[in-house]
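Spelled out, the chains give:
2 protein chains.
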Amino acid sequence: MKEITASVITIGDELLIGQTIDTNSAFIGTELNKCGIWLKRRIAVGDDKHEILKALVNESKDTDIVIITGGLGPTADDITKPVLCDYFNAKLVVNEEALENVKAIFQKINRPVQEVNLRQAEVPENCKVLPNKRGTAPGMWFKKGNVIYVSLPGVPHEMKGLMMDSVLPLLKQTFSLPHIEHRTLLLAGKGESEVAEIIREFENALPSHIKLAYLPAYSLVRLRLTAKGESNVAEEVDEQFARLKPLVKEWLVADTDISLVEAVSKLLRTKKKTVATAESCTGGYISHLITSLPGSSDIYPGSIISYANAVKQDLLGVNQETIKTHGAVSEETVREMAAGLLKTIDADYAIAVSGIMGPGGGWSDKPAGTVWIAVADRNTMEATKFFFRFNRERNIELTANTALNMLRRFIIREDSNSIAAGS
Amino acid sequence: MKEITASVITIGDELLIGQTIDTNSAFIGTELNKCGIWLKRRIAVGDDKHEILKALVNESKDTDIVIITGGLGPTADDITKPVLCDYFNAKLVVNEEALENVKAIFQKINRPVQEVNLRQAEVPENCKVLPNKRGTAPGMWFKKGNVIYVSLPGVPHEMKGLMMDSVLPLLKQTFSLPHIEHRTLLLAGKGESEVAEIIREFENALPSHIKLAYLPAYSLVRLRLTAKGESNVAEEVDEQFARLKPLVKEWLVADTDISLVEAVSKLLRTKKKTVATAESCTGGYISHLITSLPGSSDIYPGSIISYANAVKQDLLGVNQETIKTHGAVSEETVREMAAGLLKTIDADYAIAVSGIMGPGGGWSDKPAGTVWIAVADRNTMEATKFFFRFNRERNIELTANTALNMLRRFIIREDSNSIAAGS
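Heads up: the protein sequence lines correspond to chains A and B, in order.
Position 40, counted from 1, in the first sequence is what the numbering used here calls 40; the numbers after and before it change by one each time, with no gaps.
Position 191, counted from 1, in the second sequence is what the numbering used here calls 191; the numbers after and before it change by one each time, with no gaps.
Hints in this document: simulated from the structure, not taken from any laboratory.
Don't take every hint at face value.
As the list makes no split between identical chains, a pair holds if one copy fits it or if it spans any two.
Claimed, not checked - Pairs of lysine to any residue residues, derived as SDA-like cross-links and limited to a Cα-Cα distance of at most 20 Å, are as follows:
no.: 1; residue 1: K61; residue 2: H50
no.: 2; residue 1: K133; residue 2: E393
no.: 3; residue 1: K54; residue 2: T5
no.: 4; residue 1: K54; residue 2: D64
no.: 5; residue 1: K128; residue 2: K160
no.: 6; residue 1: K49; residue 2: T226
no.: 7; residue 1: K160; residue 2: I21
no.: 8; residue 1: K343; residue 2: D314
no.: 9; residue 1: K108; residue 2: F390
no.: 10; residue 1: K133; residue 2: Y218
no.: 11; residue 1: K190; residue 2: Q114
no.: 12; residue 1: K266; residue 2: S296
no.: 13; residue 1: K128; residue 2: N89
no.: 14; residue 1: K190; residue 2: I105
no.: 15; residue 1: K160; residue 2: N391
no.: 16; residue 1: K133; residue 2: A104
no.: 17; residue 1: K103; residue 2: K190
no.: 18; residue 1: K144; residue 2: P82
no.: 19; residue 1: K103; residue 2: E192
All chains, please: the whole structure from these sequences, using the hints.
Laid out in structure tokens, this is it:
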């Protein structure tokens, strides 16, 4: 079976000067991959006619599908459509369906339609129009030679809607695609290179159509096996996956492609338990991670973000003397925060964190990056000190992941203790 | 003056299958741009020797600088160094300084050095080694023909450190660079196309060496003027900037390139005021935005994340009857949340939010996307209903931005009222 490959061209000066982070091509890559289409290259070019044309010519040389995003907005720097007209030697024509859509959207949000908005309904005459339910710029589907070209708006939720509703179904109809299977393990608390040493023999023995990838991120490592071929690859990859799991079981968080907070939420939901947080240095980030998942109210009643010491004292009942003697970043303080939280909010588990995220605020015996984390239920508590040596953003992320993993291990250990005790 | 251009090649299958979002090239683009180097293209290719070589050949054809990130890790899928050896026809040699660095890092984190880690100190013999203070893989600087090639690790904080410490200073020494000036306005509460209509004449009258870009994001629009040329461009762009500001003053949040939360934090700091939040549907995200900035303890004591109604009642003093009669997502509830917060936490201003972020949880008269926001001080309060029609993640982001902008307008209006009253 011939491998079907794609290339993504994202358009916009804002991508090149770094004002916008390109999340679109990551989404497109993920979705193409699930269908068995290999994204070969991603290219970002500016709002420059010559550069866009060159990219269209180059990318169509060795790929079957070229997906273009961006440059379809109503403003003067959006030049994708004129370039496509040039490339396909076509004229712009008004598409009636797209025009009705523009008018309907402006009616819905109760704003007057501007002339520039009406131009959103113009498309090159040779394209198939893909209706955009989420915005004014329609998607466009072209064929030239053996290559399919798709042009999509750069607004992420509009692009995603068009990919799911129109582009992927049409690609599946157009091409004969192979079978792709992924299996993913999420590990916490072991570095990428140490994991690599541990599983080196396993990796070397993999057949050539099954690949292993390491995806490290903020104290976590994902291991992903990808098999490609005919319909029997699912069985083969499952066998390899079953061989891999015991090798890393000590650090294993999940054997599906979920995030740490999804794994923790699932564990709590299975046990019908809840967790509340008392956050100082993470400033609500752990709470945000938990509530970013739909349905989190099952497992999460709320938090106290005690940035100021007064809030630690007044709302969490931390003793003023404790802070005076040991400091706000200390084992004593996080223990009192966790205990106080469980008295204040009705939850089964508590996470409490206090630390210095930097760049300022550290001192010689407690440099920026020092963090104390406590996890507790109504019977047991544990507290651990950590040191993260990165910038503020990353230290906050690492603290949150570490706290969530501490809770996960705490719950599991509690479970095995109660099994051991015969309860 | 010749325009100096660059191209960034990011390497890694994880970028193509969408498991990793490429933030590196955005950072590189921003920093090059500040120096007057135009990033012409960004390319992502997989861990594939042939593809990397092809990208090196293509990108060096019409740019002066090629920056490569990724593929320098210790695992088998990291193949940048062998490819560079091929491309430059060079052998790998151990760099003593890099070797000492690897050993020192492992000693510091108290883990044994593995054989794969030692290989991190091998570099192609023809490169200038750029020391990496933050990790084991050194940066590498090459020259071939008239093109400079730089290879950097893909780990973002290591790449950033190398760019700032070594690459940018060396590029400034190597090339004669033009003068670039940016001026940025941040607007809130007006759509991109409406802004475009309002400033169309201004935009059409801009000289060709000054460009205007629209950067929309989550209820905000940034307008950026960029001038390029000799040393007098600063004056010219300042003149245009002074002409632009009054045209959009009604929606103007900031006239420097800062975020909304930075603008609000600055406003609070100037007035020596503080804000606390009572968050239901945003689940701590507003608190996270505020505390993501260093030094936020000046303006922020803490928050109560009242996801469960019990927390709204117990900690914020919301009346049980209010929730029963009007619902948790209602004007009455957010008003009581804001008032209760100011009694519980010592702050000058309160933000309270309650809404349904979706996808589940909505019903006919309050569909998912419905949000009530209140802002208050100890004398005045206002509450407004909003409807956001996007996915959970975006609705949370929009709610947070809208709440922060409501607070900003509340503070400014209060100010002008007290000036009008002669106080």
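Results for each hint:
Proximity of K61 and H50 under a CA criterion of 20 Å is satisfied in both settings, with 17 Å inside one chain copy and 15 Å between copies. In this homomeric assembly, K133 and E393 come within 20 Å of each other (Cα to Cα) only across copies, at 19 Å, whereas the closest approach inside a single copy is 36 Å. In this homomeric assembly, K54 and T5 come within 20 Å of each other (Cα to Cα) both inside a single copy, at 19 Å, and across copies, at 16 Å. Taking CA atoms no more than 20 Å apart as the test, K54 paired with D64 passes in both settings, with 17 Å inside one copy and 18 Å between copies.
Proximity of K128 and K160 under a CA criterion of 20 Å is satisfied intra-copy only: 18 Å inside one chain copy versus 43 Å between copies. Within a single copy, K49 and T226 get their C-alpha atoms only as close as 38 Å, which misses the 20 Å cut-off; across copies the closest is 19 Å, which meets it. Taking identical chains as interchangeable, the C-alpha atoms of K160 and I21 lie at most 20 Å apart whether they share a chain (16 Å) or sit on different chains (15 Å). In this assembly of identical chains, the alpha carbons of K343 and D314 lie at most 20 Å apart whether taken from the same copy (13 Å) or from different copies (12 Å).
For the homomeric pair K108 and F390, the shortest alpha-carbon distance between copies (14 Å) is at most 20 Å, but the shortest distance inside one copy (46 Å) is not. Only between protomers do K133 and Y218 lie at most 20 Å apart by alpha-carbon distance; the minimum there is 18 Å, versus 36 Å within a single protomer. Taking the closest pair of Cα atoms, K190 and Q114 come within 20 Å of each other only across two copies (14 Å); inside a single copy the shortest separation is 56 Å, beyond that limit. Only within a single protomer do K266 and S296 lie at most 20 Å apart by alpha-carbon distance; the minimum there is 10 Å, versus 33 Å between protomers.
In this assembly of identical chains, K128 and N89 lie within 20 Å of each other by CA distance solely inside one copy; the values are 15 Å within and 48 Å between copies. Taking CA atoms no more than 20 Å apart as the test, K190 paired with I105 passes between copies only; the shortest distance there is 16 Å, against 50 Å inside one copy. Taking the closest pair of Cα atoms, K160 and N391 come within 20 Å of each other only across two copies (11 Å); inside a single copy the shortest separation is 32 Å, beyond that limit. Taking the closest pair of Cα atoms, K133 and A104 come within 20 Å of each other only inside a single copy of the chain (10 Å); across copies the shortest separation is 56 Å, beyond that limit.
When the C-alpha separation of K103 and K190 is checked against a cutoff of 20 Å, the pair qualifies only between copies, where the shortest distance is 18 Å, while the shortest distance within a copy is 55 Å. For a Cα distance limit of 20 Å, the shortest separation of K144 from P82 inside one copy, 17 Å, qualifies, whereas the shortest one across copies, 37 Å, does not. In this homomeric assembly, K103 and E192 come within 20 Å of each other (Cα to Cα) only across copies, at 17 Å, whereas the closest approach inside a single copy is 53 Å.
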